[in-house]
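Work out the full structure, taking the sequences as your base and the hints as a guide.
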Amino acid sequence: MTGKTIHPDGWAPALGYANGMLMADGTLHIGGQIGWTAQKQFEAKDFVGQMEQALRNIAEIVRAAGGDVTDIGRLTWFVKDKGEYLAKQREVGAAYRRVFGKHFPAMSMLVIKDLIEDEALIEIEATAYIPAAT
7 MTGKTIHPDG WAPALGYANG MLMADGTLHI GGQIGWTAQK QFEAKDFVGQ
57 MEQALRNIAE IVRAAGGDVT DIGRLTWFVK DKGEYLAKQR EVGAAYRRVF
107 GKHFPAMSML VIKDLIEDEA LIEIEATAYI PAAT
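First residue of the sequence shown: 7, per the numbering used here; consecutive thereafter.
No lab work stands behind these hints, which were simulated from the structure alone.
The C-beta atom is built at its ideal place from N, Cα and C for all residues, glycine as well.
Incorrect hints may have been included.
The calculated lysine-lysine pairs, modelled on BS3-like cross-linking and capped at a C-alpha distance of 25 angstroms, are [said to hold, decoys possible]:
1) K86 to K46
2) K88 to K51
3) K119 to K51
Derived Cβ-Cβ restraints for the label pairs, each shown as a range [to be verified]:
4) G72 to L92: 35 to 45 angstroms
5) L92 to A30: 33 to 43 angstroms
6) K10 to D87: 31 to 41 angstroms
7) A24 to A93: 26 to 36 angstroms
8) P14 to E123: 17 to 27 angstroms
9) E90 to T11: 27 to 37 angstroms
10) V117 to A30: 32 to 42 angstroms
11) M29 to A93: 34 to 44 angstroms
12) P14 to R104: 14 to 24 angstroms
13) K108 to T133: 17 to 27 angstroms
14) H13 to L92: 30 to 40 angstroms
In structure tokens:
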């Protein structure tokens with residue numbers, strides 16, 4: 007089975023990876039998204055701001071593949087600071103709903119030591135199913 011690379015228009019090049027891979031069966035695998043913009047700039051320096059940007063990045067990749075956030079079936083979160091996440095639950099929920107509304111796919115969260123990009127506080131990967139792709 008071969009996949010089609012998904013790269014939203016106007017985004018800086020993905021070097022050595024794909025932001026998304028749309029498989030022939032409609033499964034969309036979205037690589038880990040961090041809190042930088044389409045031009046790979048960290049505008050947000052705080053956890054909630056980076057989390058919201060990562061979710062916006064995921065939503066944009068899904069839309070570039072022909073779907074919408076409601077097509078997302080799984081999110082895996084990688085966070086560097088469990089305490090910050092727990093302390094900001096209200097803000098996390100508000101930011102989440104701004105991007106995904108009341109769509110809550112299956113989720114896992116892992117607390118990790120570090121991420122490749124030094125400024126990154128969170129990384130989120132996703133899996134979606136785009137029915138029109140079949």
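Evaluated hints:
1. K86 to K46: Given that 25 angstroms is the threshold and the Cα spacing comes to 19 angstroms, the pair holds.
2. K88 to K51: 17 angstroms, holds
3. K119 to K51: 18 angstroms, holds
4. G72 to L92: 35 to 45 angstroms: 36 angstroms, holds
5. L92 to A30: 33 to 43 angstroms: The hint (33 to 43 angstroms, Cβ to Cβ) holds, given that L92 and A30 are roughly 41 angstroms apart.
6. K10 to D87: 31 to 41 angstroms: 36 angstroms, holds
7. A24 to A93: 26 to 36 angstroms: The hinted range 26 to 36 angstroms holds for A24 and A93, with Cβ atoms some 34 angstroms apart.
8. P14 to E123: 17 to 27 angstroms: Given a distance of about 19 angstroms, which is inside 17 to 27 angstroms, the answer is holds.
9. E90 to T11: 27 to 37 angstroms: Check passed, 33 angstroms falls within 27 to 37 angstroms.
10. V117 to A30: 32 to 42 angstroms: 35 angstroms, holds
11. M29 to A93: 34 to 44 angstroms: Hint holds: Cβ distance 38 angstroms, inside 34 to 44 angstroms.
12. P14 to R104: 14 to 24 angstroms: Cβ of P14 to Cβ of R104: about 19 angstroms, so the range 14 to 24 angstroms holds.
13. K108 to T133: 17 to 27 angstroms: 19 angstroms, holds
14. H13 to L92: 30 to 40 angstroms: 34 angstroms, holds
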